[in-house]
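Peer 1: Sequence:
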Amino acid sequence: MLTIVRLFLSVFILMLFEINLNAQSIINAYAKVTGISGTTITLSDINESYDTFVSGEQIIIMQMQDNVIGLNTSNDSNFGALDNIQSAGLYEVATISTVAPSAITLTAALKNPYHTGSNSSLQIISFPDLGAGGDYATTSDLTAFAWNGNIGGIIALQVGGVLTLNHNVNVDGKGFRGGTVSGNDGTVACYASTWTTSNTGYAGEKGEGIYKITDANYGHGRAKIINGGGAGAIHNGGGGGGGNVTTGGEGGDGWNCSANPVGGQGGIALDSYITSGRIFMGGGGGGAHQNNSVGSSGVNGGGIILIKANEITTSGPCGGRIISANGINGNDSGNDGSGGAGAGGTIIFSVPKFSIDAACTLAVSASGGNGGSAITANIHGAGGGGGQGRIMFTVAQPGNTSVSTNNGSSGCNNDSNPCNSTPGQQPTGSNGQGVSDEIGSDPLPVSLLYFNGVIGKSGYVTLRWGTRSELNNDFYTLERSIDGSAWEVIGFKDGSGTTSEEQNYDYIDDSRGANALFYRLSQTDFNGRSEYLKTISLSNWEKNEMLLYPNPGKGKFALLITNQADEDNITIELFDIMGRMVKVEFLHTGNKVSFQLENEPKGVYMLKVRAGRKDSLLKLMLE
Numbered sequence: 001m002l003t004i005v006r007l008f009l010s011v012f013i014l015m016l017f018e019i020n021l022n023a024q025s026i027i028n029a030y031a032k033v034t035g036i037s038g039t040t041i042t043l044s045d046i047n048e049s050y051d052t053f054v055s056g057e058q059i060i061i062m063q064m065q066d067n068v069i070g071l072n073t074s075n076d077s078n079f080g081a082l083d084n085i086q087s088a089g090l091y092e093v094a095t096i097s098t099v100a101p102s103a104i105t106l107t108a109a110l111k112n113p114y115h116t117g118s119n120s121s122l123q124i125i126s127f128p129d130l131g132a133g134g135d136y137a138t139t140s141d142l143t144a145f146a147w148n149g150n151i152g153g154i155i156a157l158q159v160g161g162v163l164t165l166n167h168n169v170n171v172d173g174k175g176f177r178g179g180t181v182s183g184n185d186g187t188v189a190c191y192a193s194t195w196t197t198s199n200t201g202y203a204g205e206k207g208e209g210i211y212k213i214t215d216a217n218y219g220h221g222r223a224k225i226i227n228g229g230g231a232g233a234i235h236n237g238g239g240g241g242g243g244n245v246t247t248g249g250e251g252g253d254g255w256n257c258s259a260n261p262v263g264g265q266g267g268i269a270l271d272s273y274i275t276s277g278r279i280f281m282g283g284g285g286g287g288a289h290q291n292n293s294v295g296s297s298g299v300n301g302g303g304i305i306l307i308k309a310n311e312i313t314t315s316g317p318c319g320g321r322i323i324s325a326n327g328i329n330g331n332d333s334g335n336d337g338s339g340g341a342g343a344g345g346t347i348i349f350s351v352p353k354f355s356i357d358a359a360c361t362l363a364v365s366a367s368g369g370n371g372g373s374a375i376t377a378n379i380h381g382a383g384g385g386g387g388q389g390r391i392m393f394t395v396a397q398p399g400n401t402s403v404s405t406n407n408g409s410s411g412c413n414n415d416s417n418p419c420n421s422t423p424g425q426q427p428t429g430s431n432g433q434g435v436s437d438e439i440g441s442d443p444l445p446v447s448l449l450y451f452n453g454v455i456g457k458s459g460y461v462t463l464r465w466g467t468r469s470e471l472n473n474d475f476y477t478l479e480r481s482i483d484g485s486a487w488e489v490i491g492f493k494d495g496s497g498t499t500s501e502e503q504n505y506d507y508i509d510d511s512r513g514a515n516a517l518f519y520r521l522s523q524t525d526f527n528g529r530s531e532y533l534k535t536i537s538l539s540n541w542e543k544n545e546m547l548l549y550p551n552p553g554k555g556k557f558a559l560l561i562t563n564q565a566d567e568d569n570i571t572i573e574l575f576d577i578m579g580r581m582v583k584v585e586f587l588h589t590g591n592k593v594s595f596q597l598e599n600e601p602k603g604v605y606m607l608k609v610r611a612g613r614k615d616s617l618l619k620l621m622l623e
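Counting from 1, one number per residue, gives the positions in the sequence shown under the UniProt record's numbering.
Just so you know, these hints were derived from the structure itself, not from any lab.
By construction, the Cβ of each residue, glycine as well, lies at the ideal position given by its N, Cα and C atoms.
There may be inaccurate statements among the hints.
Computed Cβ-Cβ distance ranges for the label pairs, DEER-style [stated by the list, open to error]:
no. : residue 1 : residue 2 : range
1   : S530      : Q24       : 31 to 39 Å
2   : A103      : P418      : 55 to 63 Å
3   : I536      : G399      : 39 to 47 Å
4   : G424      : Q24       : 34 to 42 Å
5   : N256      : P418      : 20 to 28 Å
6   : N292      : S193      : 17 to 25 Å
7   : A132      : C419      : 47 to 55 Å
8   : M606      : T139      : 26 to 34 Å
9   : L71       : G35       : 20 to 28 Å
10  : S97       : S530      : 12 to 20 Å
11  : S511      : G316      : 52 to 60 Å
12  : M606      : S355      : 46 to 54 Å
Using the sequences and the hints given, assemble the complete structure.
Peer 2: Dropping the structure here:
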């Protein structure tokens, strides 16, 4: 008995170990946007199980779906075609000012127009800084909360320093959802004109795409719904594949329907609309038609991955790291139709430097899935393959890295080997069409380390800010406000173009402003695209005389003493949290004192400063 117990415990421990190895972590918070008024965003469907929305932190706002089909709603082959792209796929980074139970307020108005109507879906996603401005190494595989029609489908992360990939990042099948298989119905043969219907027996459900279906008459039938694949119709038609960069493949003709095919259309290609600021999840595959209860549903498209870091690195040896946003392969059927595959999603790297170890290579993919096959002797309807997705780099493709965006293959209409019958229309376009490097504009803003201000006795305001990295950064704009709502531009500062090195800036506002002052900082790329980075408030009633920055910091610090006269004697001492003095070399340059703590333990320190006759004690955080 004891041996049996030991054996059971050993197996149980191995099972737990395997589960842990395969664990995936979700790191984002999500919420559906129900309205926008000025800088206030109202929310529902809030999911803070994995992260929270916090004042001062950044979010991504993205238009997942919009009313894009216009009048293309007739029961014909043009149903579900794109009329106007509207705001579908647009996104941007914003910063939270305040948080309420069902709303947040932003520090600045949004740049893009967004819609929250009945055929639109708009969501916000937290944009966590995993390294708190510094380096970060993954501790588990990362994924996204699966898209549920309102929220999810996206993983977004930023690392101010080096992101070390010890694990994989995977949003395969987290995008637009596949359509369900039809109910059992064999009463009609080859009903090819079933382009759109509410009859769940005549056709499977259409795959999901960038149009939100609210009318039951639009939910089933052969026609695509923008990039969502059309469904197989009666009798045993296959579902169409989802689309993204390229179209999805058509579903197979069905049983004895070669003269009047009933396969679903493939989801359309969105390549001509995709930019660094407009991206899409992979379209879902259409469901098949069945009458023998062995048909299959369509499957999901790939989700979206947004990664911003100063550098991405791997270290070997390892079995290789994977970052993927693939569409799912369709499921096979028996003596019925098979569902369409999902299209590849989107991956964006806002990363100026890669250091991929040859002993620990990186594989990046956003490919379409393969359609399901009909495993039966007679010809039925196979599922269409999924179209390929998009992968974007802000620099050239890194070495020791394989990058792929491939179209999926359609399934086989029967069980022949090799296959002798496939759907007529495969996904369009060439493999690799979805890969873009050196895209010329960073879709995510400059990595800001700090933005601080200090008011001297003269009333002048010294503004200082620093960045971890910059890409195509042309210039900064500084604005001032008395009330936080009406703003005026007070000056500009040249950016540093493209750099992965830390940059520090300063600007003096000599306006001797009102008692309450607000300042905000924005950045403009060479292509004219601008982003607000941060807003701060200062008060003339409290004249700060010292500014320690960056704080928290990773080892290099500076102390600005704004009210220090030349003849004053400055003495500075540093103590750890236990009160022990730490030996530090302080470099004095005018009213600026620089010092380094790169070899000291991380934690809290106290900086004691005597300037003239005044003593000050400043808390310093070393990360």
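Peer 1: Determine for every hint whether it applies to the structure shown.
Peer 2: Hint check:
no.: 1; hint: S530 to Q24: 31 to 39 Å; verdict: holds, 36 Å
no.: 2; hint: A103 to P418: 55 to 63 Å; verdict: holds, 59 Å
no.: 3; hint: I536 to G399: 39 to 47 Å; verdict: holds, 41 Å
no.: 4; hint: G424 to Q24: 34 to 42 Å; verdict: holds, 38 Å
no.: 5; hint: N256 to P418: 20 to 28 Å; verdict: holds, 23 Å
no.: 6; hint: N292 to S193: 17 to 25 Å; verdict: holds, 23 Å
no.: 7; hint: A132 to C419: 47 to 55 Å; verdict: holds, 53 Å
no.: 8; hint: M606 to T139: 26 to 34 Å; verdict: holds, 31 Å
no.: 9; hint: L71 to G35: 20 to 28 Å; verdict: holds, 27 Å
no.: 10; hint: S97 to S530: 12 to 20 Å; verdict: holds, 19 Å
no.: 11; hint: S511 to G316: 52 to 60 Å; verdict: holds, 56 Å
no.: 12; hint: M606 to S355: 46 to 54 Å; verdict: violated, 36 Å
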